[in-house]
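Protein chains in written order, with the numbering used here: chain H, 1 to 222; chain U, 1 to 90.
Honestly, the hints are just simulated from the structure, not real lab data.
Some hints here could point you the wrong way.
[Claimed, not checked] Think about it this way: if two alpha-carbon atoms lie no more than 20 Å apart in a straight line, the pair counts; the simulated SDA-like pairs of lysine to any residue are:
#1 H:Lys3 to U:Lys90
#2 U:Lys90 to H:Ala159
#3 U:Lys90 to H:Leu86
#4 H:Lys6 to U:Lys90
#5 H:Lys6 to U:Arg25
#6 H:Lys6 to U:Leu22
#7 H:Lys6 to U:Ile23
#8 H:Lys6 to U:Arg31
#9 H:Lys3 to U:Arg25
#10 H:Lys3 to U:Ser26
#11 H:Lys3 to U:Ile23
[Claimed, not checked] Sample of chain U residues lacking proximity to chain H, with all beta carbon distances greater than 12 Å (derived):
#12 Arg27
#13 Leu33
#14 Thr40
Note that beta-carbon positions come from the ideal geometry of N, C-alpha and C, so glycine has one too.
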Amino acid sequence: MPKLIKRCLPVLVGAGAVALGALIAAAWVRTQENGGAMTRAVLEALPDSGVSNPVTAVLLNFRGFDTLLEVAVLMLTLIAVWALDLRLPRTEALPPSPVFSSLLRFSGPLLVVIAGYLLWVGASEPGGAFQAGAVLAGGCLLLRLAGRWNPGARFVRWAVSVGLLVFLLTAIAMPVLTGGLLQYPPASAGMWILLIETAATVSIAAILAALFVAREPEGPRR
Amino acid sequence: MMVADLYALVGVVLFVMGLSALILRSRDLQRILGLNIMGTGVFMLLVTSAHGDGQAADPVPHAMVLTGIVVAVSATAFALALSLARERHK
């Protein structure tokens with residue numbers, strides 16, 4: 001009997017998955033019938049958000065709480081990976097590769113400029129902290145693989161946590177300034193968003209690069 | 001059939017494929033890949049649902065996908081680390 005079940009399992013799972021897919025497709029057709037309400041609500045509130053890119057306005061202003069938690073999730077992941085203590089071979093113990101070094105020479109400065117541009121342009125066009133952070137993380141990995149950079153524990157910990165710290169401090173400051181959680185004063189909303197995004201870019205880059213290394217930097221522990 | 005419907009269909013197919021792999025495959029790496037393919041299907045469906053028939057696209061699903069990608073990356077990283085840790089302790 002168990003053998004029979006084992007043989008039938010792919011068919012059963014396949015049929016179940018296809019049925020679920022059909023349900024999702026039906027739900028999708030239904031959502032298409034009453035779309036547009038959310039778009040209108042966002043576009044009406046856009047002038048008060050401090051930015052002109054509606055996606056950035058949703059991420060950092062209207063649904064800022066989600067993004068705050070998202071930065072926290074990223075940081076928690078890194079702490080969990082560090083806690084696993086994988087004892088991977090140190091990347092700095094590998095011989096520095098000349099390929100990475102020469103690649104770094106022309107793409108390194110370019111990556112920093114692109115990250116800065118993506119961060120700045122996020123206010124009005126597609127871009128923002130996550131895109132900029134991902135590009136910067138690529139630069140960090142290149143530096144690391146080229147054997148050029150082995151940041152100390154203190155630096156890594158600050159870089160990893162500055163995004164969440166700035167975001168949390170803003171969340172604490174806003175009830176005093178405006179009376180709402182993560183509700184920025186409309187006149188200076190653009191500045192607040194840029195401040196959070198700059199800190200978040202640094203942290204996202206640091207966390208993604210540290211996840212790749214997957215080894216807690218050695219240094220002073222408290 | 002509209003282009004948007006085709007994108008949505010591809011999203012559903014990716015979700016179904018990923019889900020089947022998640023259940024039927026036994027290796028960690030295959031399951032993690034299946035989970036990622038499932039996620040990609042969901043993202044595709046969400047982005048397609050944002051289209052506004054020539055008018056402005058709905059930014060809310062776009063923001064959700066951006067958040068989702070980051071969470072998917074961290075979940076994948078943690079899953080890979082867990083899988084590696086399990087190999088080490090065997």
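Do the hints match the structure? See the list:
1. Distance hint between Lys3 (chain H) and Lys90 (chain U) is unfulfilled; the C-alpha atoms sit about 28 Å from each other, more than 20 Å.
2. At most 20 Å may separate the alpha-carbon atoms for a hinted pair to count; Lys90 (chain U) and Ala159 (chain H) exceed this at roughly 35 Å.
3. With a CA separation close to 13 Å, the supplied pair Lys90 (chain U) and Leu86 (chain H) stays within the 20 Å bound.
4. Taking the CA atoms of Lys6 (chain H) and Lys90 (chain U), the gap is near 26 Å; set against the 20 Å cutoff, the hint is violated.
5. Proximity of Lys6 (chain H) to Arg25 (chain U) is assessed by CA-CA distance (about 13 Å); at most 20 Å being required, the pair is judged to hold.
6. The hinted pair formed by Lys6 (chain H) and Leu22 (chain U) meets the criterion: a straight-line CA distance of about 16 Å does not exceed 20 Å.
7. Proximity of Lys6 (chain H) to Ile23 (chain U) is assessed by CA-CA distance (about 12 Å); at most 20 Å being required, the pair is judged to hold.
8. For the given pair, Lys6 (chain H) sits about 18 Å from Arg31 (chain U) by alpha-carbon distance, which is consistent with the 20 Å threshold.
9. For the hint pairing Lys3 (chain H) with Arg25 (chain U), the CA-to-CA distance comes to about 17 Å; that is within 20 Å, so the pair holds.
10. Taken as a hint, the Lys3 (chain H) and Ser26 (chain U) pair is honoured in the structure, with Cα atoms around 17 Å apart against an allowance of 20 Å.
11. Among the hinted pairs, Lys3 (chain H) with Ile23 (chain U) is consistent with the structure: their alpha-carbon atoms are about 17 Å apart, no more than 20 Å.
12. Distance check for Arg27 (chain U) against chain H: the nearest CB is about 16 Å away, which clears 12 Å, and the non-interface claim stands.
13. Every beta carbon of chain H lies more than 12 Å from that of Leu33 (chain U), the smallest distance being close to 16 Å; the non-interface claim holds.
14. At roughly 14 Å from the closest C-beta of chain H, the C-beta of Thr40 (chain U) stays outside 12 Å, upholding its exclusion from the interface.
Checked against the numbered hints above, the structure breaks hints 1, 2 and 4 and satisfies the rest.
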